[in-house]
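Trainee: Using the sequences plus the hints, can you model the full thing?
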Amino acid sequence: MRGPGRWAVLFALVVLAVVMVFPFAIVAINAVKSPAEYSSQGPLSLPDGLYLQGIIDFWNRVEFGTKLWNSLLISASVAVLAVVLSVLNAYALGIGRVKGRLSILVLFLVANTLPQEALAYPLYYLAKAVGLYDTQLAVIIVMTVIQAAFGTYLLSAVLGQFPKEILEAAAIDGAGRLRSLFRIVVPISRPTLNVLLIFFFIWTWNEFFLPLIFLISNDTQTVPVALGVLQGEKYMDATMSSASALLGVVPAVAFFLIFQRTLTRGVTVGAIK
Amino acid sequence: MRVRTRGYWLYLIPSLLLFLVVIVVPFLMNVGASFTRWSGVGTPRWIGFDNYARLLKDERFWQSFQHNVGLIVAMAIVPTAIGLVLASALFDYIGKRFGPRTASALRAMYYLPQVLPVAVAGVVWGWMLHPSYGAVNQIFGLDLDWLGDPDLALATVMAVMVWFQLGYPVVIFMAGLQRVDPAYYEAAEIDGASWWRRFWHITLPQIRPEIFVVLLTCTIAALKVFGPIFVLTRGGPGNATMVPSYFSYLNFFQKSNVGYGSAIATVLALIIIVVTFLFLRVQEREQ
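Listed in order, the protein sequences are those of chains A and B.
Per the UniProt record's numbering, residue 1 is the first one in the first sequence, and the count goes up by one each step.
Per the UniProt record's numbering, residue 1 is the first one in the second sequence, and the count goes up by one each step.
Think of the hints as simulated: they come from the structure by calculation, not from any bench.
There may be inaccurate statements among the hints.
[Unchecked claim] Per the computed footprint, the stretches of chain B lying under chain A, defined by three or more beta-carbons under 8 angstroms from a beta-carbon of chain A, are:
1. 215 to 226
2. 249 to 256
3. 269 to 278
Just so you know, even glycine gets a beta-carbon here, dropped at the ideal spot from N, CA and C.
Mentor: Structure (structure tokens):
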């Protein structure tokens with residue numbers, strides 16, 4: 001195809017791309033408009049100036065700083081703990097090839113696909129019984145186990161192909177298992193571990209159902225839960241609604257830009273499995 | 001030399017303990033609760049299969065599964081179909097004629113919605129679709145209650161989910177295309193095969209494994225969908241967007257029908273496990 005045809009294909013794909021990012025753009029321009037400007041000029045006009053009061057009001061109303069900190073604390077803890085658990089499991093399954101490894105892997109896989117609804121009420125009940133209800137720790141523990149289930153599945157396959165000669169050489173030099181794990185396996189698998197770390201962080205950040213059930217007070221809620229619960233409240237007007245949307249979008253887009261390379265590579269790693 | 005594997009068991013212990021407490025025991029408790037009448041406080045009363053019998057006759061439950069089918073179309077089938085064409089066009093056409101940078105910029109734009117927490121995507125669209133001040137009505141000069149009209153609500157949610165999901169298959173399929181031997185395409189081009197024929201006879205068969213993975217993961221995601229329903233419609237108006245996961249949540253936390261909610265959750269879990277095994281079985285046979 002030559003001449004106008006090839007531009008037509010490009011044009012169609014660009015139009016679709018514009019449709020896909022349109023909500024991001026329109027949220028951004030309307031979050032900085034005053035309510036008066038929104039009602040007189042409509043959503044499509046460019047803002048006259050920077051009206052930040054909507055964002056500030058919303059920030060203060062929901063104590064957004066606290067929510068950000070909670071999300072960060074929970075996501076970072078889960079990411080680190082789940083990677084540690086995944087490595088320990090994958091060491092036993094992928095390199096150690098313990099008996100029954102296939103059934104254990106299937107068990108982990110099933111746990112990862114299980115709907116959280118089928119665990120939710122008992123977990124809620126147990127958390128209340130041991131005094132962990134409405135604490136970040138409850139979400140951290142549960143999410144760590146769920147993410148580690150996936151991490152184990154993925155890492156076991158990666159470590160299954162780990163070059164045995166290196167480990168044998170280390171064993172001859174007198175390195176124990178624990179030493180081999182931390183001195184050899186972990187450093188060599190670092191790129192895969194980093195991908196897992198970032199994925200666990202973002203998946204946990206995006207999680208809605210379990211945090212919604214466990215975190216009911218203002219001091220413990222995460223960003224998605226706070227925004228999701230407030231959605232459609234009476235006092236929200238057009239600009240405050242878009243301000244709330246913007247505050248939810250910005251961290252996610254920031255992570256995307258920071259981790260873009262790793263993410264695209266990681267999506268691929270996950271897909272091949 | 002015989003490799004001794006016994007010592008490696010030790011490394012599984014922390015996980016297996018946590019796994020027992022967080023997954024196995026709660027799941028068994030859930031199944032147990034599904035055979036009882038229980039409000040969440042007091043002692044559960046054993047009622048055998050009554051909750052399941054009630055489910056079979058419950059119109060809301062059947063409707064919620066029909067809505068799930070709609071969401072599988074919106075979250076798995078449509079994004080996979082569009083994603084295939086997009087990925088192929090970007091890889092095989094745009095990438096070659098306008099440069100890989102153009103292709104990856106477009107890919108990033110399609111992928112952008114995927115980085116949002118799904119609840120935040122719901123907040124964004126909740127605002128855009130608001131009947132009185134929403135951007136969509138104002139832009140098109142319409143006066144529709146997108147999420148509040150029972151005839152429109154499910155279609156609206158489906159459209160939002162297509163927007164949300166589209167980037168995932170595009171990224172995976174483009175990655176899959178990278179391992180296809182370019183010689184196939186060159187040979188086809190020399191033989192004068194049209195773009196469409198190349199798509200059908202080279203692209204599709206070559207990235208079959210990726211198509212399977214995308215369909216499986218997206219179907220499971222559609223069966224579990226909760227966040228966007230909670231944020232956009234809370235299952236309403238009436239029953240128009242009710243899904244099993246939200247239906248069980250409702251029974252757990254609002255109606256104090258824990259036994260009934262557990263039965264719904266158990267059925268949903270069984271369906272998802274069966275779907276997973278079916279897909280894996282088919283995939284195994286393919287290879």
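Trainee: Examine the region 249 to 256 of chain B for residues whose CB is less than 8 angstroms from any CB of chain A, and state whether their number is three or more.
Mentor: Coverage by chain A holds for the region 249 to 256 of chain B (3 residues, Cβ < 8 angstroms).
Trainee: Within the region 215 to 226 of chain B, is the number of residues with a Cβ closer than 8 angstroms to a Cβ of chain A three or more?
Mentor: holds (count 4)
Trainee: Counting residues of the region 269 to 278 of chain B whose CB is closer than 8 angstroms to a CB in chain A, do you get three or more?
Mentor: holds (count 4)
Violated hints for the displayed structure: none, as all numbered hints are satisfied.
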